[in-house]
Structure formats: structure tokens, C-alpha cells
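> Listed here are the chains, written in short residue letters.
Protein chains: 2
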Amino acid sequence: MELLLASKSPRRRELIAQLGYKYQIIDNNAPEDFPHHLKAEQIPVFLAEQKANFNKLSLSQNQVAIFADTIVWCEDEVLNKPENYEEAKKMLQKLSGKSHQVISGLCLKSHHKKESFFDITTVYFKPLLENEIDYYIKNYKPYDKAGAYGIQEWIGFIGVEKIEGSYFNVVGLPIQKLYQKLLTF
Amino acid sequence: MELLLASKSPRRRELIAQLGYKYQIIDNNAPEDFPHHLKAEQIPVFLAEQKANFNKLSLSQNQVAIFADTIVWCEDEVLNKPENYEEAKKMLQKLSGKSHQVISGLCLKSHHKKESFFDITTVYFKPLLENEIDYYIKNYKPYDKAGAYGIQEWIGFIGVEKIEGSYFNVVGLPIQKLYQKLLTF
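Order-wise, the sequence lines are chains A and B.
Numbering (our numbering) for the first sequence: 18 to 202.
Numbering (our numbering) for the second sequence: 18 to 202.
Keep in mind that a hint or two might mislead.
Intra- or inter-copy, both count: the list cannot distinguish identical chains.
Unchecked claim - Straight-line distance between alpha carbons at most 30 Å, and here's what the computed BS3-like set of lysine-lysine pairs gives: (1) 198 x 155; (2) 143 x 115; (3) 143 x 56; (4) 194 x 98; (5) 155 x 106; (6) 143 x 98.
No lab work stands behind these hints: they were computed from the structure.
Using the sequences and the accompanying hints, generate a full structural model.
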């Protein structure tokens with residue numbers, strides 16, 4: 018089996034490489050907007066399926082294409098990638114001292130079928146100090162990260178008290194669920 | 018503050034490096050045996066304190082020495098490092114399809130005080146296939162790892178359904194709790 022991963026995320030690429038399958042990266046140019054009535058896990062699943070529908074690649078018998086989207090969901094709203102320092106700071110202040118959900122939606126597509134699923138991890142941040150937030154943003158510039166943090170970076174080491182669910186789902190891909198789906202796909 | 022880490026584990030060294038403190042590695046030659054009436058978290062705390070007591074280093078005002086031990090605790094027994102292929106296979110078969118605890122004990126020591134604490138993470142393995150166990154042991158040789166697995170290796174990607182607690186505690190050091198203790202130590 019050969020996997021085709023439609024993602025620009027370097028973290029997703031590193032994770033897919035670990036699975037041990039032959040893989041390649043393919044383009045993803047789908048829009049990132051979604052209907053506003055969608056909530057929580059409906060959003061990344063919708064976005065992953067939208068990516069799958071936009072992609073016109075013809076797949077051979079042994080290929081499976083993987084379309085993924087991940088959102089950070091806190092107090093009933095999505096936290097996107099922060100556009101600047103102030104937005105990153107506001108996001109981390111919002112996440113501080115409480116739990117939020119990291120939700121991935123995946124859509125798998127072969128030459129004859131398509132299947133979607135999601136994975137949810139709950140992440141608990143300790144109350145973050147202002148100097149910890151400032152230190153992190155200044156040194157790690159998390160502008161490419163939804164929710165303004167990477168769990169595998171300094172803020173994850175010092176700030177995340179515990180998680181419930183898959184760690185790799187928070188890094189970028191629910192690799193265990195994906196592996197299990199691929200076994201029977 | 019300068020940290021002195023008494024550990025031979027390369028994973029612990031990598032984690033301590035992430036904290037951002039100045040640090041150095043020191044020797045650890047304490048025995049690894051413990052009284053048999055001890056259970057669960059009492060064991061790594063005892064072993065960490067034993068390491069601290071064996072160490073005769075004199076610490077300066079700004080130094081904190083860190084002594085750590087981690088055990089894998091499954092069905093009321095400790096899983097140590099496997100001595101050979103068969104033992105590794107038996108351990109992974111035992112962990113398969115159920116949850117176990119990874120428990121770290123830490124002892125912090127400065128020139129005028131000493132403090133111990135522990136951290137527990139529950140790890141849930143999916144039912145592992147025999148060919149998955151064989152593939153992992155042959156390719157990753159987990160003979161230096163308690164419980165015969167590393168969560169940051171292939172078996173962790175494909176086999177761990179979820180965790181409850183700190184991921185880095187399973188990798189080798191409860192880095193968030195350690196950071197928080199150091200803030201007020």
C-alpha cells in the first residue's frame with residue numbers, strides 16, 4: 018500500500034513517515050471555510066472531506082489518499098492560527114488554567130471508497146504566567162499553529178499538566194486510529 | 018539555577034535539555050533493589066530517594082540535583098527491562114489490549130533541602146497482533162526500556178490508543194511537574 022498525504026504540515030509529514038508505509042506528499046488547495054452551524058468534531062471532518070472532494074487525483078489500486086484537518090476547540094469556539102503577537106497572547110491566556118479539545122478529522126480515499134473519522138484529545142493547561150506566555154511567543158513564534166501552541170515545544174513541556182487521548186493527535190495526526198483504519202481499508 | 022541530573026537515560030537527558038535551565042549530568046551508582054512490600058508509586062519514590070541518599074556530591078547554593086526512577090506497573094507487578102527476545106515478547110503480550118501505569122518518582126536535593134514527588138500516567142494499548150510485536154522487537158530492540166516499549170517509537174504510534182496524564186512522563190521524565198516544583202524549590 019502507498020499513502021498519499023495531502024498536507025503542508027511538517028509535523029504531519031514526520032508522523033506519517035513513522036508508520037513504515039511508503040508515502041508521498043500531494044497538493045492540497047481546498048478552501049478552509051465551513052458552515053457556521055457546525056460544531057466541534059463536525060468542523061474538521063467537514064474540512065477533511067472538502068479537501069478530499071476538491072482533489073481530482075486518480076488513484077491506483079494500491080494507493081490511499083489521506084486528507085486531514087485539526088482544530089483547537091475551547092469554550093465552544095475554534096482557535097485558528099494567530100495572525101500576530103497580540104492574538105497569540107490572547108489565545109494562550111484563554112487556554113491557560115483550563116482544558117480544551119484538539120480534534121482531528123480525517124478522510125481516507127481509495128480508487129473505490131471513501132471513509133471519514135475523527136479523534137479527540139483533551140489537553141489540560143496549568144495556569145500560565147504572563148512571562149511564560151511572553152517567553153514562548155517570542156522564542157517559538159507559534160504563528161503556524163492553531164491555538165498558538167505546539168505541545169512538543171517548550172510550552173507543552175512546562176504548561177501541559179495532562180492529556181486524555183492520543184498525544185500524536187495533538188502533535189498533528191491521530192496516527193494510531195489512522196493505522197488501525199488502514200489495516201482494514 | 019543549575020540542574021544536576023543523575024541519570025544514564027538519553028531520553029531523560031533530552032527532556033531536561035528542553036526546560037531551558039543550565040544543566041549537567043552526574044553519576045548515579047545507587048542500587049536498584051527495593052523492599053518487596055512496596056507497591057506502585059512507593060517503588061520509584063523509594064528508588065529516587067535511594068539514589069539521592071547514595072550521592073555524596075556537595076551542592077552549591079544555586080544547584081539542584083534531580084534523582085529519578087520510572088517503573089511500568091501492570092496488574093500489580095513491575096515490568097523491568099527485558100533481558101531477551103522472549104521476555105520482551107511476554108511483556109508486550111501482557112500489556113496488549115489493556116491499560117497499565119507508568120510511574121515516575123523524583124527526588125530533588127539542594128544544599129539545604131530535599132523533596133520527593135511522583136507522577137502517574139495511564140497508558141492504553143490496543144490488542145497487539147503477534148506480527149506487530151515481532152516487528153517491533155526485531156527492529157527496535159527495546160532491551161533498554163522498562164516494559165519493553167518506547168511510546169515515542171513505532172509501537173507507540175500504532176499501539177497506544179490513548180493516555181491519561183503526562184506524555185513526557187511516559188517518555189522518561191514528568192517534565193511539567195518537575196518545572197512547577199523547581200519554580201518554588
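> Taking the hints in turn, state whether each one holds.
Hint by hint, here is what the structure shows:
| no. | hint | in the structure |
| --- | --- | --- |
| 1 | 198 x 155 | between (39 Å within a copy, 24 Å between copies) |
| 2 | 143 x 115 | both (7 Å within a copy, 29 Å between copies) |
| 3 | 143 x 56 | both (26 Å within a copy, 29 Å between copies) |
| 4 | 194 x 98 | both (25 Å within a copy, 28 Å between copies) |
| 5 | 155 x 106 | within (10 Å within a copy, 46 Å between copies) |
| 6 | 143 x 98 | within (21 Å within a copy, 33 Å between copies) |
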